[in-house]
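A.B. asks: Given next are the chains, with one letter for each unit.
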Amino acid sequence: MSTEPTPGSPEFEALRQKSIAEAEAAIREASSRPDLHLVQAIQALDDTDKYLNVTATRASEWYGLHFPELIQMVQDNIALCKMISEIGAREGFSKEALAGRGFTDKKVDAVLEARDRSKGGTISDGDVGRVKALAALAVQLSNLRGGLDDYVGSQMKKVAPNVAEVAGATIGARLMAKAGGLDRLAVLPASTIQILGAEKALFRSLRTGARPPKHGILFQHQAVHTAPKWQRGKIARTLANKIAIAARVDYYRGAEDASIKAALDKRLESIREKYKEPPRRKPDPSGRPRKEGRPQRREKFRRR
Amino acid sequence: MTRLLREERNGRSALLTMNLAPGKRAYNEDLVLRGGVEFRTWDPFRSKLAAAILKGLPDDIVREGSRVLYLGASTGTTPSHVSDLVGPGGVVIGVEFSPRVAREFVERVARERRNVIPFVADARDPSRYAVSKVDVVYCDIAQPDQTEIAIANCRALLAGSGTLLLVVKARSIDVLKEPERVYVDETAKLEGAGFRVRSLTELSPFEKDHALVYAVQPG
Ligand SMILES: C[S@@+](CC[C@H](N)C(=O)[O-])C[C@H]1O[C@@H](n2cnc3c(N)ncnc32)[C@H](O)[C@@H]1O
Numbered sequence: 001m002s003t004e005p006t007p008g009s010p011e012f013e014a015l016r017q018k019s020i021a022e023a024e025a026a027i028r029e030a031s032s033r034p035d036l037h038l039v040q041a042i043q044a045l046d047d048t049d050k051y052l053n054v055t056a057t058r059a060s061e062w063y064g065l066h067f068p069e070l071i072q073m074v075q076d077n078i079a080l081c082k083m084i085s086e087i088g089a090r091e092g093f094s095k096e097a098l099a100g101r102g103f104t105d106k107k108v109d110a111v112l113e114a115r116d117r118s119k120g121g122t123i124s125d126g127d128v129g130r131v132k133a134l135a136a137l138a139v140q141l142s143n144l145r146g147g148l149d150d151y152v153g154s155q156m157k158k159v160a161p162n163v164a165e166v167a168g169a170t171i172g173a174r175l176m177a178k179a180g181g182l183d184r185l186a187v188l189p190a191s192t193i194q195i196l197g198a199e200k201a202l203f204r205s206l207r208t209g210a211r212p213p214k215h216g217i218l219f220q221h222q223a224v225h226t227a228p229k230w231q232r233g234k235i236a237r238t239l240a241n242k243i244a245i246a247a248r249v250d251y252y253r254g255a256e257d258a259s260i261k262a263a264l265d266k267r268l269e270s271i272r273e274k275y276k277e278p279p280r281r282k283p284d285p286s287g288r289p290r291k292e293g294r295p296q297r298r299e300k301f302r303r304r
Numbered sequence: 001m002t003r004l005l006r007e008e009r010n011g012r013s014a015l016l017t018m019n020l021a022p023g024k025r026a027y028n029e030d031l032v033l034r035g036g037v038e039f040r041t042w043d044p045f046r047s048k049l050a051a052a053i054l055k056g057l058p059d060d061i062v063r064e065g066s067r068v069l070y071l072g073a074s075t076g077t078t079p080s081h082v083s084d085l086v087g088p089g090g091v092v093i094g095v096e097f098s099p100r101v102a103r104e105f106v107e108r109v110a111r112e113r114r115n116v117i118p119f120v121a122d123a124r125d126p127s128r129y130a131v132s133k134v135d136v137v138y139c140d141i142a143q144p145d146q147t148e149i150a151i152a153n154c155r156a157l158l159a160g161s162g163t164l165l166l167v168v169k170a171r172s173i174d175v176l177k178e179p180e181r182v183y184v185d186e187t188a189k190l191e192g193a194g195f196r197v198r199s200l201t202e203l204s205p206f207e208k209d210h211a212l213v214y215a216v217q218p219g
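Line order of the protein sequences matches chains U and D. Position 252 of the first sequence, counted from 1, bears residue number 252 in our numbering, the numbering being contiguous throughout. Position 115 of the second sequence, counted from 1, bears residue number 115 in our numbering, the numbering being contiguous throughout.
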């Protein structure tokens with residue numbers, strides 16, 4: 001600011017052009033729809049979780065034919081797969097091979113002892129190679145998963161900071177994926193957000209008159225699933241309300257607004273206070289005992 | 001020569017600004033010739049500054065050669081007229097947070113007008129657009145804490161004895177308070193920060209529950 005450019009001067013025009021270029025870059029970035037990449041990333045994350053689970057389970061089951069004691073001793077599937085892929089057959093397990101894996105000396109000794117008196121069968125070189133490859137794939141998937149998780153966390157902060165704050169990055173991203181993008185999430189009513197991911201239950205309720213679902217993806221939120229059953233619907237509704245506001249602010253304004261999370265926390269507090277006790281069943285005016293389970297079909301929706 | 005014209009049209013006052021970019025529209029305003037010079041119609045229903053001027057705000061606050069920091073440039077409707085008013089010797093630094101609305105501002109206003117410098121930035125961070133001291137800070141960002149934001153911008157960039165024009169939208173400050181109450185509270189904040197409040201112009205019938213506060217920062 002020491003050199004204040006005079007309007008109309010070449011310096012002024014240079015400054016103006018630079019500002020225009022920067023503003024246009026910011027506008028381009030916003031219109032490249034980073035939310036759609038985020039939607040793909042969260043789905044890739046959830047897919048990867050599944051593959052990872054399947055692959056690691058298969059690797060450990062297969063390897064267990066040869067060295068079942070190791071499977072028993074190492075609970076962490078990824079750590080196990082890492083060992084299988086790097087060390088291979090039982091005979092390869094030594095103090096050196098086990099170093100740097102975060103095991104206590106006692107544990108290392110126990111593994112070595114298990115190696116010596118293993119009840120597992122022998123395994124051919126070919127099969128060791130196949131199990132190693134499978135285990136290596138699980139490790140790779142786990143690395144991929146970590147990268148996707150970091151990306152979802154950091155992109156949510158940029159693309160939808162308020163949704164990330166209120167719903168959490170992962171759940172927020174899943175809601176966005178269900179809706180089809182931040183723009184779509186921003187126009188959904190709170191009542192729809194509340195049951196996103198519970199479409200099956202919703203249609204069943206429309207068809208049969210069963211009670212409508214209280215939550216879909218939002219059940220994954222700790223405020224919902226850690227709450228006593230009778231509070232969950234109310235908490236999910238409140239959460240959905242605030243997420244709807246947050247999505248709108250993120251889409252239309254793009255600025256962080258700490259007051260949304262503050263209002264949510266306050267509201268949750270008062271729900272927990274007000275509905276501390278489980279509700280007492282209202283006596284049925286007909287005198288008949290209340291039916292458990294899904295209510296009967298409503299006349300209107302009866303299938304022909 | 002003034003860059004602002006007032007005319008009577010159908011018994012009502014109308015405003016025109018001298019087009020800095022002849023032949024170009026910034027939105028869908030009319031281009032008209034007066035004395036061989038092109039002017040643009042300035043609609044008080046679309047621009048709160050025009051509404052305030054028609055309702056008695058002095059029209060020489062934003063004048064030829066003024067340097068103006070415009071917070072909340074939006075699509076650039078009002079900034080384009082401010083650009084007309086300050087003319088080739090003035091400067092309009094336009095700040096808009098939302099990239100979606102800034103696009104039109106940059107394309108139709110900043111690109112076409114050599115006195116406009118655009119920034120896609122948050123008015124909470126004046127260091128992002130601190131390219132010049134200014135004579136006027138115009139703030140219309142519809143945020144609950146916009147008075148505080150405006151004060152911080154004046155501290156950072158307003159020259160001594162410069163002017164603050166602050167649009168107060170009662171409902172975005174507090175939905176439950178009476179508008180008059182909001183106006184009193186917000187002007188009190190300005191006075192508390194050392195500003196002298198010269199006037200408060202209610203914008204009805206052009207805008208509902210809006211006012212424009214005209215305040216001067218002590219030199
Ligand atoms: C009421 S509109 C301004 C209309 C404009 N003054 C006119 O008359 O043409 C408010 C604008 O302020 C922007 N805004 C809101 N918060 C902001 C902030 N913190 N920094 C910069 N711009 C902001 C909004 O994106 C919106 O475009």
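Quick caveat, the hints were computed from the structure, so don't treat them as lab data. Hints may contain errors.
[Unchecked claim] Sample of chain U residues at the chain D side, in silico, Cβ under 8 Å: (1) GLY8; (2) ILE20; (3) ALA26; (4) ILE27; (5) ALA30; (6) ARG33; (7) GLY254; (8) ALA255.
[Unchecked claim] Pairs of lysine-lysine, DSS-like flavour, derived with a Cα cap of 25 Å: (9) LYS234(U) x LYS200(U); (10) LYS200(U) x LYS50(U); (11) LYS95(U) x LYS132(U); (12) LYS82(U) x LYS50(U); (13) LYS208(D) x LYS266(U); (14) LYS55(D) x LYS24(D); (15) LYS177(D) x LYS18(U); (16) LYS132(U) x LYS119(U); (17) LYS178(U) x LYS132(U); (18) LYS234(U) x LYS274(U); (19) LYS169(D) x LYS24(D); (20) LYS119(U) x LYS107(U); (21) LYS133(D) x LYS18(U); (22) LYS169(D) x LYS261(U); (23) LYS261(U) x LYS177(D).
As the structure is a computational prediction, the values presented were derived from the model and not from experiment. Ideal Cβ positions, reconstructed from N, Cα and C, are used throughout, including at glycine.
A.B. asks: Each of the hints needs a verdict: does it hold here or not?
C.D. replies: Okay, the hints, checked on the actual structure:
For GLY8(U), the interface hint holds, since its Cβ comes within 8 Å of a Cβ in chain D; the closest pair sits about 6 Å apart. Restraint check, ILE20(U) versus chain D: the minimum CB separation of about 6 Å is within 8 Å; hint holds. Hint status for ALA26(U): holds, given a least beta-carbon distance of 4 Å to chain D, under 8 Å. The closest approach between the C-beta of ILE27(U) and any C-beta of chain D is roughly 5 Å, which is under the 8 Å cut-off, so the hint is satisfied.
Interface hint status for ALA30(U): upheld, as the beta-carbon distance to the closest one in chain D is roughly 3 Å, under 8 Å. Against a cut-off of 8 Å between C-beta atoms, the interface hint on ARG33(U) is violated, since the closest Cβ of chain D lies about 12 Å away. With a least beta-carbon distance of about 6 Å to chain D, the hint placing GLY254(U) at the interface is held under the 8 Å criterion. Checking ALA255(U) against chain D: minimum C-beta separation of about 6 Å stays under 8 Å; hint holds.
Under the criterion of a C-alpha separation no larger than 25 Å, the hint pairing LYS234(U) with LYS200(U) is consistent with the structure, at around 21 Å. Distance check on the hinted pair: LYS200(U) and LYS50(U) sit about 21 Å apart at the alpha-carbon level, within 25 Å; holds. Simply put, LYS95(U) and LYS132(U) have alpha-carbon atoms about 20 Å apart, close enough for the 25 Å limit, and the pair holds. About 18 Å separates the Cα atoms of LYS82(U) and LYS50(U), which keeps this hinted pair within 25 Å; it holds.
With a CA separation close to 32 Å, the supplied pair LYS208(D) and LYS266(U) exceeds the 25 Å bound. As the CA atoms of LYS55(D) and LYS24(D) are separated by approximately 28 Å, the hinted pair breaks the 25 Å bound. As the CA atoms of LYS177(D) and LYS18(U) are separated by approximately 43 Å, the hinted pair breaks the 25 Å bound. For the hint linking LYS132(U) to LYS119(U), the alpha-carbon distance of about 20 Å falls within 25 Å, and the restraint holds.
Note on LYS178(U) and LYS132(U): the hinted pairing is violated, with a Cα-Cα distance of about 37 Å set against a maximum of 25 Å. Between the alpha carbons of LYS234(U) and LYS274(U) the distance comes to roughly 11 Å, so the proposed pair stays at or under 25 Å and holds. For the proposed pair LYS169(D) and LYS24(D), the alpha carbon gap of about 31 Å is over 25 Å, so the pair is violated. With a C-alpha separation of about 19 Å, the suggested pair LYS119(U) and LYS107(U) falls inside the 25 Å cut-off, and the hint holds.
At most 25 Å may separate the alpha-carbon atoms for a hinted pair to count; LYS133(D) and LYS18(U) meet this at roughly 18 Å. With a C-alpha separation of about 24 Å, the suggested pair LYS169(D) and LYS261(U) falls inside the 25 Å cut-off, and the hint holds. Restraint check for LYS261(U) and LYS177(D): the C-alpha separation of about 23 Å stays at or below 25 Å, so the hint holds.
When held up to the earlier numbered hints, the structure conflicts with 6, 13, 14, 15, 17 and 19 and fits the remainder.
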